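Spelled out from the first residue to the last, the chains are:
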Amino acid sequence: MSVNVNRFKCGYCGACVGVCPVGALELIETWIEVDITCTGCGVCAKICPVGALELNEK
Amino acid sequence: MKNKYDVIVVGAGPGGSITAKIAASGGLDVLLIEKRQEIGDPVRCAEGVGKDALKKHIEPDNKWISSEIKGSKIFSPDGTEIKMSEDASSGMKVGYVLERKVFDRALAQEAAMAGAEVMVKTRATGLLRSNGKVTGIKAMYMGETHNINADIVIGADGIESKVGRWGGIDTSLKPNDIETGAQFLVSNIEPGDYNLFYLGDNYAPGGYLWVFPKGKHIANVGLGILGSKSGNVRAISRLHRYIETYMPKGKIVEMVVGGVPVSGPIKQTVADGLMLVGDAARQSDPLTGGGITNAMDAGKMAAEVCIKAYEKGDYSAKTLKEYEDKWRSTIGKELSKSLQVKNLLVKLNDEQLNQLAHSLDGIDTSKMELPSLLFTLFKKNPKILWELRTLFV
Ligand SMILES: Cc1cc2nc3c(=O)[nH]c(=O)nc-3n(C[C@H](O)[C@H](O)[C@H](O)COP(=O)(O)OP(=O)(O)OC[C@H]3O[C@@H](n4cnc5c(N)ncnc54)[C@H](O)[C@@H]3O)c2cc1C
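Residue numbers (the numbering used here), protein chains in the order written: chain A, 1 to 58; chain B, 1 to 393.
If we strip away everything but chain A, and leave its shape as in the complex, we get (with noise of 0.2 Å):
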């Protein structure tokens, strides 16, 4: 499992980033990056602002 970032919602403000409790996400530039150590475990989908953060359940 991971997370998809819809970068044309994504208001690049960083709270994702703050909460991911294992250090998946991280912002650079304008956009979120997610590495390969995410657990899907879905805090940063629950707290983005703008619900710009979505489960993949692939």
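FYI, nobody ran anything at the bench for these hints, they're computed from the structure.
Nothing here was measured: the structure is a model prediction, and the numbers come from that model.
Hints are not guaranteed to be accurate.
Computed spacing ranges between beta-carbons, pair by pair [claimed, not checked]: (1) A:L55 <-> B:Q268: 40 to 48 Å; (2) B:G50 <-> A:G42: 31 to 39 Å; (3) B:K63 <-> A:S2: 39 to 47 Å; (4) B:I363 <-> A:M1: 51 to 59 Å; (5) B:G168 <-> A:C41: 18 to 26 Å.
We treat Cβ as the ideally placed atom computed from N, Cα and C, and that holds for glycine.
Based on the hints, put chain B with the ligand in the right spot on chain A.
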């Protein structure tokens, strides 16, 4: 850029810039890096700040002051108004609403003028270490990676802080430890000259909605909800709904989103060769969400400890712990109190919030600050607020 500095500060927000300025003024060789290409932009802030707290650090300048504020008005869910924080003696204005884009850059410029080197569009990507000690950073500038050495690295990298995590300090926030916010700069309204705060589930569950005037016809209108209460309905959609309902003539000319740490003091903010400052150290106030002046206060403390460490030639956690002790006994105490109040407030329902507001009927709260207002509320409503009794002994 050189390959060795005394101190590298990561992040040019208010916390980082004050740290860099004071360390450089103390004669240290300082590098301040900021990953954005424009310092302060995009803004993640409602820009409200108390005059006295700010003036400790910088002389007010109209270039970065949008407006002056007379006090605050808090509204309970049924609309009952509680006025507070007006100036006690002369009716002077007590607060500013800043223009953070200009303010943050002005602070970075002060750091530069004090002798710090500043690099923008430069992102820390990791820490350098030797024998377990932090000895510098890896940084990327325009696609190229550089290793830059330093005796001390300061993480002032805000809500998304990675510096602490790289240094072995877990700063990750739980959904209960973050307010997730959205804000519009709204024109064609008449916001007055008080900062307005609206409480209740209708506006912002586990948080509040704010209107901070930036001019006669323009204001920051935003809301923050507790992360654990976010999900199906987002901060941004709640805000849209509010503007449509209560400010139908309002026109949105800017959008801001962001998260504020409301965890209260965290366990560790220093390691060998490493210190955390500001939002990176989760030093924003859990009750108000204010973090600008706390970050600046902490930055000053951190820089002063850097200067001492340099004189001793010892950058171990033991030496740097003086910073941790200092901020804990000052900022930390306030954070703990605010956390206690926040933890109770988020449990109260709208009816209880209304009850609290009604209990102030006939009492002039307009000159009170938060602590005395809370004490007054406690005396009137010991049952609802019993949990807070330890705050007042
Ligand atoms: C919606 C909202 C409203 C708010 N309203 C208020 C308010 O009214 N009053 C108030 O006092 N506070 C408010 N705050 C909180 C306030 O904005 C923060 O507490 C304050 O900005 C913290 O300052 P700082 O210097 O610690 O961090 P920031 O100001 O966040 O600065 C951190 C900097 O580090 C940079 N950075 C991050 N990672 C790296 C890296 N790897 N390499 C290089 N640079 C990096 C970032 O780009 C950023 O510029 C609000 C916050 C939000 C989200």
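- prompt: Of the hints stated earlier, which fail here?
  reply: 1
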